[in-house]
Structures are given as structure tokens and as C-alpha cells.
Amino acid sequence: MLKDFFSKKKKYATIPREEAKQDVPEGLMQKCPQCKKIFYRKEVHKHLKVCPNCGYHHPLTAWERIDSLFDENTFVEWDKNMISENPLDFPDYAEKLEKDRKKSGLNEAVVTGKGKINGFPSAVAIMDSRYRMGSMGSVVGEKIARAIENAKEENLPFIIFTASGGARMQEGVLSLMQMTKTSIAIERFSEAGGLMISIMTHPTTGGVSASFASLGDFNFAEPGALIGFAGRRIIEQTIREKLPEDFQTAEFLLKHGQLDRVIHRQEMKEMLTTLLDIHQPGGVSE
Amino acid sequence: MKDQVLPFEKPVVELKQKIAELKKFTSDSDIDLSSEIQKLEDRLEKLVEEVYGNMQPWDRVQMARHPQRPTTLDYIQEIFEDFIELHGDRLYGDDEAIVAGVAKYKGTPITVIGHQRGKDTKENIRRNFGMPHPEGYRKALRLMKQADKFKRPIICFIDTKGAYPGKAAEERGQSEAIARNLKEMAGLKVPIICIVIGEGGSGGALALGVGDRIHMLENSTYSVISPEGAAALLWKDSNLAQKAAETMKITSYDLKELNIIDEIIPELKGGAHRNIKEQAKNIDKVLHASLQELISLSSEELLEKRWEKYKNIGKYTTLSS
Ligand SMILES: [Zn+2]
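Quick note, the sequences are listed as chains A and B, same order.
Residue numbers for the first sequence follow the UniProt record's numbering, so the first one is 1 and each next one is one higher.
Residue numbers for the second sequence follow the UniProt record's numbering, so the first one is 1 and each next one is one higher.
In case anyone wonders, no lab produced these hints; they're calculated from the structure.
Treat the hints loosely; a few may be bogus.
List of simulated lysine-lysine pairs, DSSO-like, C-alpha gap at most 27 Å [unchecked claim]:
(1) A:Lys80 / B:Lys315
(2) B:Lys104 / A:Lys152
(3) B:Lys167 / A:Lys255
(4) B:Lys243 / A:Lys152
(5) B:Lys151 / B:Lys104
Where chain A lies over chain B, by a calculated footprint (3+ residues, C-beta under 8 Å) [claimed, not checked]:
(6) 47–61
(7) 156–167
(8) 171–179
(9) 183–189
(10) 218–226
(11) 241–252
Glycine is no exception: its CB is placed at the ideal position from the N, C-alpha and C atoms.
My request is simple: use the sequences and hints to build the entire structure.
Following this line, the structure appears as C-alpha cells:
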């Protein structure tokens, strides 16, 4: 799973800028990893980084996602300054964190906060795969759990966009236990009547797919996203057979009853707006 | 069955053999070697202390995986009465990599669930080496909800390399099954006590692991990835698993230090398999104490404390902005 991600990731065009805006320099070209056609970067960005030819969804950074969803100047970030420690004294971990901080302009692999989506106030957590492959350590778990608690306190719906290779190895069992922490937070939120929408984006695997990503009242995915528990290579080695091309894609999961819908990025805001509207207070009285 | 010897305990076994040979020799001849034998036995005593009192993480990994290590069913038989095994998830099938049922513990009705490895190849194939499919986790959840309905405490034994990485497992929603257990266990209004008895392999272990208490047998392990897997990712060499076992902090002592588990349950010298009855007594002591503490709590207190327990796991810093 991690390997697959690595090899694919190289083909992506990334924009290593803090809170990247859509002002990509003119003249820069970008090749679509799926249809191999070459486009102006600007053209691709105009379409929310979806290939104008084949519909391939390039990864969005957390801030690009926020810009694509929230009404202008409504987003307020939470826990921006929370950063990871190196609790196991894991070799090279501190350096890797620092490197990704510079590369992504983020303090960790998830941005949390609240804002308005077509006027509907919502709490969100948006993962960014540029930071340690979106892996979940103590900070990612804590920020997501706090965002859910905040949503509960403020009576907000909670929306999460996942993009993660799973639990973060360098924090050992502390990472594993973040699966539990976030899942308990979701249970408490759910018990209080909170609405949770999970949108799995490329890639959502391992400990993240096996915890909060799968725990929405609604579980959606972006087209073509890789979603699964175990990595393709490990499965192939275990069962000694070749897996189908579309194995563990969003479409594969939809076919096997594991998702509510696959939603095109350009329809995402509208779909969320409709769902938020449907879940406005009201309904059948108790 | 002949005891399987782990590499680190070889000196002990060799010395024991030597003593046995000498004893046999003296009984077959007229030469008196009793003082030599006594010396060797004194040395053996020291050696046992040295070898088992100084186990390295990799030694514990091997002990946790020992083919003769007692399994969930062994402990169920020793610790509980009137165990009735129950089968199936009511959705797809019955996964024998997890066993579950109702029983009595010192007179109190309980539900007990655990990963189940096989004792030989044939049983291991039937039980998929203790690596569950989604239906195993769904069976566990079904019976946990039953326990909740009838207000029975739940005891989980954790012993798996991990959830099975297979095609069918993915198609039937391995991720969803694990995730659902984590969320649903969070809301069960009965005490949940989890005991890692062998390997606690990642999400596949965690899916039975949302407890009000988590205990570990001294030589068991709990990890986010196997030492072999970690070594392959870190150093592109699965032969460095021994080093990874140290780096990853996966022993009961490591997890106690990280404040993740509640208690380390001591093991017999040479490992739990040396005497299942005695080992079960050590588990029983800790289990009994935990249950006493937990049954006195109201369900609201129980859920609140459960949240507090996990909420506090994690290490981070907040920069002043
Ligand atoms: Zn294309």
C-alpha cells in the first residue's frame, strides 16, 4: 500500500507552497498520469485539479480543498500550532517532520477547523498526503478527536476528507491508539445526534480506513481513490495471485457495497450542501 | 510434545541436558559425581536468572509466537466455567480465527472473545493462523452487543499477527469491520477487559482491544506493524526485524512505560507455555482485581472513564503562536 503510493506519487504534480492559491505560473505544463495528455497547469487548476480530458483527480492540498469548499473568509483553523514529538526516539523522525513542514507549509498532516459551506456552518478535518503521506500519529489523532469534540459542543456537522497511508510507524502503538481515540470521539458525537460525512480521497488505507474514514453516517469517495486495509503487494504475496486492476479503487468499493457513493470533485460542494440542508434541525419530533 | 527451544534459551537447555547425562551416568556406574552435579545445578540456577531475567525485545517476540504458547481456548478452559462457544456473524459466515461465547467467571456471567491460533498445521489452516476476516470481527461485535443487552462484562484475549490481508477480506470490508468494532465498543455500557496473551498485531488486534483495562502478558507484544514489516519499510531488509523490534517499542515493558497498558501480567520463567495452569492463575489474579474495580462503576462513569483513558494517549507539543 505504501509502496503503491510512493510510486504513483512521483507522477503527481505538486505545488509545494504554503496555503497554496490557484495562481500557478503561466506556461507551466503538466502531464496527466492517467491519459498522458499535456495541459497547462492553470487549465487543470481551473477544474479543481481534475484532468479536463479523462477526469483524473489530482490530489488537492488541504488548503486547496478548503478553498474549494468554504465560502470566502469563513474558515477558522483549530489547533494550528500542535506539532509532533518523537516519543520513541525514532531514528530520523524529527528530521523527516521538519522536512515535511517546510515542503508542505503545514505543521502536521491534517488541517481542522470550521467554516461555512454555502452558508451551512460545518466542522471539518482535511488530511494532506504531502505530510508524511498523511499518516496518523499523535497529532493527527488528537486534532481529529478535538475537531469532533468541538463539533459536538457547537452542534455542528463534522465532515472529514481523508488521505492517508495509515497509522504512523514512527510513533508505534501511540499511533495505533489514535484509531481508538478518534473512534470513541465519533461514538460520543454520534450518540449526541451529530452528523458525520466521510469523504475518502486518494489514498485512504490501513489504520485510517480502519477507523474514522469508515465511520461516517455517509461514506463517500472521490473517483479512482485507492481505499483499503492491506496493501496490494502484501495481499498478492499472501494469496499468491494477481489482483484485478481496479482492486481497492473507489469504484471497486462501491460495487462491493462499501461506499454510499463516488462523488466527482466538481459536484462535491453541491452534494455536501444538499446533505447539510437535509440534516438541518427539524424532521420528526421525538 | 517436546519443548521447542528458542535460540536465546539454548544455553539453559544445553546445561540441563548435561546435568541429566551426568545423573544418568552416575546411576549406571559406581563413580560418584554428586559434587560436580551440584556445582552444575548451582550454575544452572544462575543461568536461568541471567537468560530469562534479561530477555531482549526480539526474544519476547519469539516467545509471543512460540508454537506451544497457550491460546485463548486454553485460558478459557482454565479460568472460566460453563463456557458455551457461539458461532457466526449472521451475515456471511463463521470465522474460526476468533472464538467467542458465554461463560461464568467466579459465578458472574461474562462474555469472552479472543483470537484463536491453531496448535498444529491442520488447525492453523482451519483457523487461518488466527488472522480474522471481517466476519470474525462481526461475530465478535454481535456477541459484544448481546453482552451489553444482558449486562455481562466482556473479556477479550488478543493474539493475532493481524487482520488477514486477503482479497475476500477487502471485498467484504475489512476496514469497515475493524472501524465499526472500535466505535461500537466505545459505547458498550458494560466493563471490557482486554488481555494481550501473544501477538497484538495492529488494527486486527485493536478490533478486540477497546477496553476499560488493557493488560499484557509479560512476553506478549503489541505493535502498529510487525518487526519484519517495519524493517522492510525502514531499511528495505526484513532480516533487520530484530533491530526493528527494539526501535518500535513493542514489549509489555515498553507499553507500560508509554502509559498505554494498565498492567503487566508476570510470566513463568521460560514462558507461559511451561505451565498453563500456573500462568492462568497469574491472569486470573489481575482479571479478578480489574473486574472488581469496574463493576462498581455506573455505566455513565464507565463510558466517561473509557473516553478519558484513550483521550490521554498521545504525545504532542503546542507551539505558542
Ligand atoms: Zn487525464
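Mind listing which of the numbered hints don't hold for this structure, in increasing order? Failing hints, ascending: 2, 4 and 6.
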